[in-house]
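Q: From first to last, the protein sequence lines stand for chains A and B.
First residue of the first sequence? That's 1 in the numbering used here, and the numbers climb one at a time after it.
First residue of the second sequence? That's 579 in the numbering used here, and the numbers climb one at a time after it.
Hints are supplied without guarantee of correctness; some may be wrong.
Straight-line distance between alpha carbons at most 25 Å, and here's what the computed DSS-like set of lysine-lysine pairs gives [what the hints assert, rightly or not]: (1) B:K711 <-> A:K47; (2) A:K37 <-> B:K711; (3) B:K749 <-> A:K37; (4) B:K745 <-> B:K756; (5) B:K756 <-> B:K695; (6) A:K47 <-> B:K688; (7) B:K745 <-> A:K52; (8) B:K743 <-> A:K55; (9) B:K745 <-> A:K36; (10) B:K748 <-> A:K2; (11) A:K47 <-> B:K734; (12) B:K748 <-> A:K47; (13) B:K722 <-> A:K47; (14) A:K52 <-> B:K636; (15) A:K55 <-> B:K688; (16) B:K722 <-> A:K55; (17) A:K37 <-> B:K756; (18) B:K663 <-> B:K688; (19) A:K36 <-> B:K698; (20) A:K36 <-> B:K743; (21) B:K591 <-> A:K47; (22) B:K711 <-> A:K60; (23) A:K55 <-> B:K636; (24) B:K663 <-> A:K36; (25) A:K47 <-> B:K730.
Here are some, though not all, of the chain B residues that point toward chain A, as calculated from beta-carbon distances under 10 Å [stated by the list, open to error]: (26) L701; (27) K711; (28) R751.
FYI, nobody ran anything at the bench for these hints, they're computed from the structure.
Quick caveat, the model's predicted, so the values are computed rather than measured.
Yeah, the Cβ is synthetic: ideal placement off N, Cα and C, and Gly gets one too.
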Amino acid sequence: MKEEHQYLLDAFLQQNLREGEEARLKELCSADSNFKKELEEAELILKGMKRKAIKKRIQKSRKGGVKGRTSKIIAIGLLSLAVLILLSRYLLQEERTEKKVPTEQAAPTIDITTQGSPTIPKETKHKTLIDTISKVFRRKTSEQITSKKVEVVDSLSREKSIPFKPKKIRTQQFSIHQFSQQSIVGEQGTKVQFPAGAFATKSDSIRIELEEYYDLKDMLFADLSTQTIDGSILQSGGMIKVEAFDRTGRKLQLKEGKSVGINFSSSEQQNSEMKIYYGNDSEETIEWEQKATSKKDSLRKEISVRPLFHGGIYYKDVDKQPIYSTTKKLETTLNENMRYQKQWRNKNDIEAKILYSVGEFGFVQGAYIIGESPTWADSLVQKLFMSLPRFEEAGVHKGEKRAVRMVLTMALNPQQEKQYYSSNEWNEFYDLKIKRRNAEQKQAGVKERRRFLDQSRASFQEGSGAMEKYRRNSERLGWINLDSPCYRETEVIALKLPDSLLDYKVRLVEPNRKVILAPVRSSKKAEFKKVPEGIEMFLFVQKGEGVNRSYAWQKWKIDRQFPEIRFQNKPDFSGTID
Amino acid sequence: MKDQEVLDAIATKRESRAIHFLYQSVFPQVLATVQKYGGMKHDAEDVFQEALVVLIRKVEAGHFQLQAKLSTYLCAICKYNWWEKNKGLNRVELMEGHRLTPAEVELLEKSIHEEAKYQKAELAFDRLGEKCKKLLQYFYLEDKSMRWIATKLSLKSGKVAKNQKYKCMKKARWHYHKLAEA
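For reference, chain B alone in the conformation it holds in the complex (with noise of 0.2 Å):
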């Protein structure tokens, strides 16, 4: 697959394919190169999968220009997120060669400070009890309607799925604020 191909697919959310194309074609490299400083198989495959979110979420935002190769740019954003979980590792040595423009690495950088955040809202969300979660995924990311939401999770009326999102935000907000200062 080219490489606009894999991220038009992620684009149009067929990405199954231009996925399995990519664990295929640049997980080696990432695994060579977290093996070669003293990683293991799992936390190769921890960094690729961090850098397939950046990837998608990127994507999914819109305008995604990448002047690099796709590999590339996947490629360095394992060795950024290695380096950052093994400070003692030299960061020149372990990011050289990789032929990112200056600016590509820094919006590099960002986003990868950015999903550190967001790795923590996603373990704040994750503490919520299973109906708290499922109410939050249908209205937020599904947009349902709070009435098909009542139906769903058996709760008495429109009214009370409304008032108990309301409180498993809050939770999920007082969950984020604990993790945000532990």
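Bound conformation, chain A alone (with noise of 0.2 Å):
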């Protein structure tokens, strides 16, 4: 196309014909057809690109007018909300200092005042409104960053009657295959080791439930107790419960024979008297024992487990991995260059990371897959590096010939290939190519190659030999609870609750052993069997349940009369037993 009938085209379609243009163009137009004929196109295809603007435009106006109006809804929402939560609050504290005074006065022999006051002054219910629309739209009053008393005035709220919301031991949950070797760890360091086919069941899949106590506040809380069934003291280093469940939720207990590991996270694992003890549901609490008695599975069938041999493993070329001797250059040979690419990976793999030692002539010496690994993966493990061909820099650091170490990390599948990996062709190639790599090794004239071996075995134990050492068997499944005898050169006495606080949840705590005791409970009588005489320790009192408890508490040192109960008046109950 011409220059001319270019800028004339551009010039109508933009409406800036000039003087002269528009006849000029209407000329071009009756001469040329074809000139014609791509005008009227050119402008339909601007109609087009204008009409596609105009329907952003409408759109975007629409969207606009439906976030506008949303977001007036949810601010009207937002401020009614704001408005029921400052009244239903001013309310209920108006409310709640009117009944104060009779509900406290009503309460048996011994007095249990919970918290401060019970009464308000009438100029502070203003404060308080205050103080809760201040709370409300998180802003502090000036009144309440000079003045003391408002807190006092806080500490007497609905809210503040329970000292502090003890936090709620979650159920964790995990899932494991039950025909290979796994473990697991709680979210505060509990580590469940499974064998191979530990459970009675075909299924594979394994639903195992954890929780963890490992704070006396936690123990407390959940009902828990450090006795034993014939009332003898314990104390303890933490307790587990550890559930498992098959796919239609039937409750699952060990088969004879086998035990799990666990290691507790707490530093009393590494007491030798702490041993494992077993819980029993009573009345009131948990009472321990240290037989197991396995509750007995009416389902159990004996079921032939075939462990599993070797899974699928991929691994990125090896050999042509650079070489690092350093702890650094390892870290930075993991990160960088080693690990397995995403893409390779399956569902079901397993990550590992393998130590491995080269020795000077470029021969694998020994690997290892680091922390604890199913067995199958270790033989497979070891039979696959061993007959990787030479290295061609091996070993070679800094100009000279030595041996390295170096970390990779691989993919491990036991789903995969499973049958193939187990067949003896496998097996049988894996150990001519290690027979043939010995016998080239033995040319070389290597003769570190134990040195070596043991040097990445050591290091490899380092890792798991702790968590082995303080290992605990247990023969099922349940309430476990890591404790030793405590107080047993104490003469120990009985005690009997007074009728007082027999509507009472008593316990008689003391937190630096983590001891926690509870009253044996008979028809209208309940009797602590045996608590240590002489010995400080908290009485700790909960009236009421859910949202309407309240908590006392005092220290004591134990005789045989029980005290007169005055419960001390603090804000915060974990200041004080802590």
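Assembling the complex is the task here: the two chains are given apart, and the hints tell you how they should meet.
A: And the structure:
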């Protein structure tokens, strides 16, 4: 197209035709029908473009309108909610202030006053409202900043009648495959190792539930205690509840002869006197015993479990990786070069880090999975690595030949290619490769093989050794407590609970040793079977349940006479008993 | 909002509130009509959007005179569009009670037919690549210079952009031909 034609066309479409140009355009159109057609079509395209732009504007306006309307509705809703909260809190506080005195006076012989003075002066009511408003809008009033009185009033509010809200221990759920050895690690660090075929069920997928109690408060508010069935006093190094379920939700127990390995995450696990105790539900608490009286599984059937041998394995070309010897370089190697690619990964892959050493003549001396691993995987990794050909730049570090150790991340898959890897063919193939390689290695005159093999093994054991050392075996699931007897040399006495406290939950607590004693209840009677005389403990009382519960406590040097209870008036429970 | 206020807002390209108002006040009637004649909500949304496009184009072109109410006009466009999509429907029954003058109806029908042509052009434009679309939009709708466009679209120079614009327009026309033939 001629320059002039193009210019006139653009000017026409942009409605920029100057004087004379319009006439020229008409002239051109009448003379050149192709140009005329082109002009008409270009105009149409422009209209199409405009149409698209208009549609965009409409949609934008519509969305904007809806957005605006929605935000208005949300704003109105939030405002109404805030007003409602304010009103309800104010009304509740007023109601509470009026009812407080008669309720507290109605308490039995021993006056259990939970917190502070029961009356609020009239003028503080207004302050409370202001405080409530400021709380809602998360802003402090000037009075709150300057006056401590406001805080006292706060502590009388409904919320503070419960000194603190104990956190509820979450039941953690895990899924394991029962036909291979598997471990779970809880949020607080408890490690439970399940052996292969631990449960009497055909189902491979097992759901494990775990609760961990290491904090004294958690134990106290979960109604746990530390005493045996016969009342002997224990001190706790942590309690867990571990349960297993099959696909149908049926609770499972361990097969006879099987046990789970447990590593508690408390420092007490290093104390050899700490033993495993098993919990049994009693009326008010859990009572512990050392012998595992396993609950027989009525549906138990002997199922022959064939342990898995080898799994699928994927690895990057190991023989092309750079070799480093320092720890720093090992990190780099691991992160940058040797991480196997994500696209290679399968759904059921297990990620494993493999430590392997290469001798000065470039042969792999030993390969181990870092951390604990199933036997099949160890065996597989050993075979694979030991059968690798000689490294081209093996063991060359800073110009001299020496042995190095490296880390490689691999994906191991116990499910895939199970049959293939467990076949004799596969084993024979790798055995042959290793044989050939060993012959080569001999020829190369390598003598230090054993030394590096031992080194690698030692470093592997360094990591997992500690875990193994402190592992305790448990023959059953359920409540499991790491305990040791205490106050063995102290005289223990029986203490009958006064009638005035019969309706409450009463505990004797020794925070340092994590001892919690609960009374044994019989008809209209409750008694602490064994309490250490002369030892200072906390007497802890809970009245009410749910949101209406409140607590009181005081220190008491235990003697035969139950004390006259004067409860402390402290705003925070945790500071007192911890 | 009064009809004139809506038209003024559209004419000054501050139509956001006006369009929102039309969606609130007129769309329910359109929805009821479409649903009465076998359509769904999304059909109603489509025809209403078409009606708004016609209205905006008319207003922006200037000299838009309307004797009837705006809602009547929009409803009439929607009804006509719905009849165009469903020719089996009784047109007389569908269009009755719109209170538009015969001249207005004639103009309206003409606009709708034109819009159908533009619709194809829009489709043709849509089939272009992103870069082409942007180039044409910048030049014809936003009146940007070739140099500015070249910088924006990472082209070597304004001259390259100019050549590219020509090629893009040619391609769009080619697409339009294809659509028109189909």
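Q: Against the 25 Å threshold, does the CA-CA distance of K711 (chain B) and K47 (chain A) hold or violate the hint?
A: 14 Å, holds
Q: Given the hint that K745 (chain B) pairs with K36 (chain A), test it: the Cα-Cα distance must not exceed 25 Å.
A: This hinted pair holds, its Cα atoms lying about 18 Å apart.
Q: Going by Cβ atoms only, is K711 (chain B) closer than 10 Å to chain A?
A: Since the shortest Cβ distance to chain A is 8 Å, the answer is holds.
Q: What's the verdict on K36 (chain A) and K698 (chain B), does the C-alpha distance respect the 25 Å limit or exceed it?
A: Judged against 25 Å, a Cα distance of about 19 Å means the pair holds.
Q: Mind checking the alpha carbons of K722 (chain B) and K47 (chain A) for me, to see if they're no more than 25 Å apart?
A: 18 Å, holds
Q: Would the hint linking K722 (chain B) and K55 (chain A) be met if the CA-CA limit is 25 Å?
A: Roughly 22 Å separates the two Cα atoms, so the pair holds.
Q: Does K695 (chain B) sit within 25 Å of K756 (chain B), going by the straight-line distance between their CA atoms?
A: Roughly 13 Å separates the two Cα atoms, so the pair holds.
Q: What's the verdict on K663 (chain B) and K688 (chain B), does the C-alpha distance respect the 25 Å limit or exceed it?
A: 16 Å, holds
Q: Is it true that the CA of K749 (chain B) sits at most 25 Å from the CA of K37 (chain A)?
A: The hint holds at about 15 Å.
Q: With the threshold set at 25 Å, check whether the alpha-carbon distance from K37 (chain A) to K711 (chain B) stays at or below it.
A: OK: K37 (chain A) and K711 (chain B) at ~22 Å, within 25 Å.
Q: Is the straight-line distance between the alpha-carbon of K52 (chain A) and that of K636 (chain B) 25 Å or less?
A: Holds. K52 (chain A) to K636 (chain B) sits at ~15 Å (cutoff 25 Å).
Q: Would you check the hint for K55 (chain A) and K636 (chain B), treating anything up to 25 Å between C-alpha atoms as holding?
A: Measuring from Cα to Cα gives roughly 14 Å; hence the hint holds.
In this structure, the earlier hints numbered 11 and 24 are contradicted, and the remaining ones agree with it.
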